[in-house]
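Chains as they are written, first to last, in the numbering used here: chain A, 1 to 264; chain B, 265 to 349; chain C, 350 to 545.
Because the hints were derived from the structure by calculation, they are not lab data. As the structure is a prediction and not an experimental result, all values here were calculated from the model. Certain hints may be false.
Computed list of chain A residues with no C-beta within reach of chain B, every gap over 10 Å [unchecked claim]:
1. 58
2. 65
3. 157
4. 185
5. 201
6. 259
7. 262
Stretch-level coverage of chain B by chain C, calculated; a stretch enters the list once three of its residues show a Cβ under 8 Å from a Cβ in chain C [unchecked claim]:
8. 313-324
9. 335-348
Even glycine gets a Cβ: it sits at the ideal position worked out from N, Cα and C.
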Amino acid sequence: MSDATTAQVTALGAALRAVPRSGWHVATVADAHRETPNASRLELDVDGWPGNAAGQHLDVRLTAPDGYTATRSYSIASSGSSSRVVLAVDKLPDGEVSPFLVDEVRAGDMLEVHGPLGAFFVWAPAAETGDMRPVQLIAGGSGVVPLFAMARAHAAADDTTPFRLLYSVRTPDDVYFADELDDLAEASAPLRLDLVYTRRTPDGWPTAPGRITREALEAAVVPAAERPRVYVCGSTGFVELVADWLVGLGHDPRSIRTERYGGT
Amino acid sequence: MQHVDGNAIAGPLAEFFAFDVTTATARCIGCGNVAELARAMVYMSAAGTVVRCGSCDQVLATIVESGDRAWIGFSGVSAIEVRRG
Amino acid sequence: MSFITRGFSGRSRERDDRLPPGQTLVSDFPVLSAGPTPEIDTADWEFTIRTESGMHSWNWDEFMALKIDDVDTDIHCVTHWSKLGTRWRGVSLDTLFEDVETEYDYVMAHSYGGYTTNVPLDELLDGKAWVAFEFDGEPLDPEHGGPARLLVPHLYFWKSAKWVRGLVMMDQDEPGFWEQNGYHIHGDPWKEERYW
Numbered sequence: 001m002s003d004a005t006t007a008q009v010t011a012l013g014a015a016l017r018a019v020p021r022s023g024w025h026v027a028t029v030a031d032a033h034r035e036t037p038n039a040s041r042l043e044l045d046v047d048g049w050p051g052n053a054a055g056q057h058l059d060v061r062l063t064a065p066d067g068y069t070a071t072r073s074y075s076i077a078s079s080g081s082s083s084r085v086v087l088a089v090d091k092l093p094d095g096e097v098s099p100f101l102v103d104e105v106r107a108g109d110m111l112e113v114h115g116p117l118g119a120f121f122v123w124a125p126a127a128e129t130g131d132m133r134p135v136q137l138i139a140g141g142s143g144v145v146p147l148f149a150m151a152r153a154h155a156a157a158d159d160t161t162p163f164r165l166l167y168s169v170r171t172p173d174d175v176y177f178a179d180e181l182d183d184l185a186e187a188s189a190p191l192r193l194d195l196v197y198t199r200r201t202p203d204g205w206p207t208a209p210g211r212i213t214r215e216a217l218e219a220a221v222v223p224a225a226e227r228p229r230v231y232v233c234g235s236t237g238f239v240e241l242v243a244d245w246l247v248g249l250g251h252d253p254r255s256i257r258t259e260r261y262g263g264t
Numbered sequence: 265m266q267h268v269d270g271n272a273i274a275g276p277l278a279e280f281f282a283f284d285v286t287t288a289t290a291r292c293i294g295c296g297n298v299a300e301l302a303r304a305m306v307y308m309s310a311a312g313t314v315v316r317c318g319s320c321d322q323v324l325a326t327i328v329e330s331g332d333r334a335w336i337g338f339s340g341v342s343a344i345e346v347r348r349g
Numbered sequence: 350m351s352f353i354t355r356g357f358s359g360r361s362r363e364r365d366d367r368l369p370p371g372q373t374l375v376s377d378f379p380v381l382s383a384g385p386t387p388e389i390d391t392a393d394w395e396f397t398i399r400t401e402s403g404m405h406s407w408n409w410d411e412f413m414a415l416k417i418d419d420v421d422t423d424i425h426c427v428t429h430w431s432k433l434g435t436r437w438r439g440v441s442l443d444t445l446f447e448d449v450e451t452e453y454d455y456v457m458a459h460s461y462g463g464y465t466t467n468v469p470l471d472e473l474l475d476g477k478a479w480v481a482f483e484f485d486g487e488p489l490d491p492e493h494g495g496p497a498r499l500l501v502p503h504l505y506f507w508k509s510a511k512w513v514r515g516l517v518m519m520d521q522d523e524p525g526f527w528e529q530n531g532y533h534i535h536g537d538p539w540k541e542e543r544y545w
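Chain A with its partners taken away, still in its complex shape:
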């Protein structure tokens, strides 16, 4: 094992120890409002929440009066020590839980949440991990949620690691965290943002709407030669396509971390 790899592994160990222990918690909805025409942003005050790393998720459990329960995983859009946890939930057409969270939930409601979960698909500042390699984030649709948490943590830490986000989204109206992403691009530790619109573009956009291509991906990501760490999150189909292309472009599979959320 090379010294560089040893340093990375040691740094990873340090980052993992920093991730708080999970548990079940009662969350009170502090705010619920539309994020896009098809998604809601939920701000939860979670009793006993130990804080979370950028990129982690939680499980939400709903219980019906007859005892029936349904549990689903959602990425967390916030990070840090706060017990205020932000989710952005996309409404799935045949979903059982997401339509409830998007359309029914209102401030004051209580939910059960289990977390923070997952210490693999996380990012921590270079000051904690010692890893100075550039970071490439690649989001498909609502897969932007954990990547937004990473970009925001990067800005909050004034981290000087180069950070770039490629975000594939249906239309300009479907962009999550649109204002915050603009702010992050202006931050002192800036985020370089590239958008790909698959159904409709803003007026005057230089390219026609359409699914991302291998060429567009290559042009909009940190080149493999710079050995970036890459985080990809989106539907299973999107993630598999992108991950295959990245490996084909010479990216080290061990430097690519993925989070598929199923769907199509």
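Since chain A is already given, all that's left is putting chains B and C on it; use the hints.
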């Protein structure tokens, strides 16, 4: 049926293990591949969760949950590497 | 510490006397699976029965030339849903076992994709089980086990192995895939034999 990543089993396993098992590396008895469980392919359905090797599709682990009981099997894992904190 | 979530009911769940305990009625057909859906061309499909003394096998054309039954039955999934009056077409296990000689009493069903499930032989015979290739008048969809699946409707539906490719006779009962990992060795829905 669509699969997701091993990240998705962090929740069910966190109820039973004192550390995040998804960051541990596991060796597949089918092909010998060693990778973090977070990199495995996970098939989730109401019947249970099946974790398969990302390299060869071998069943690595299963999780069956029913109320206050759960069954966790590691039938396809020869060993898991856990780091001391 | 579970508490009721205001306004949450989940999918509608109906009750009916024909339902075993703990089951609710569904109108859709949920897909439960332990892995990727195998795509098996009927040209490559083969069904075998292996005993202590030899092997019996049928290709698709030979299989379709056997006596075919229309089956109208209720099905019960261990995950608490049931469907009533489902319509299938398939070959009875009585037909498939006509020329099979065996002293063994137990069967392991094997599927394309590696799934296994165990059933005692006497619970597959006397009109209790089929290898089904049609559901609701249509060829069985790959998601639901096509080209052919085992159909053992008096047991929980995980026993009705999707993508079945053969049966292996065993001299003693051994657990299949889910049975090794928490599910009941037998699986009678009327006795709620769900888990160990």
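Each hint, compared with the structure:
| no. | hint | result |
| --- | --- | --- |
| 1 | 58 | 8 Å, violated |
| 2 | 65 | 17 Å, holds |
| 3 | 157 | 22 Å, holds |
| 4 | 185 | 28 Å, holds |
| 5 | 201 | 28 Å, holds |
| 6 | 259 | 5 Å, violated |
| 7 | 262 | 5 Å, violated |
| 8 | 313-324 | holds (count 4) |
| 9 | 335-348 | holds (count 3) |
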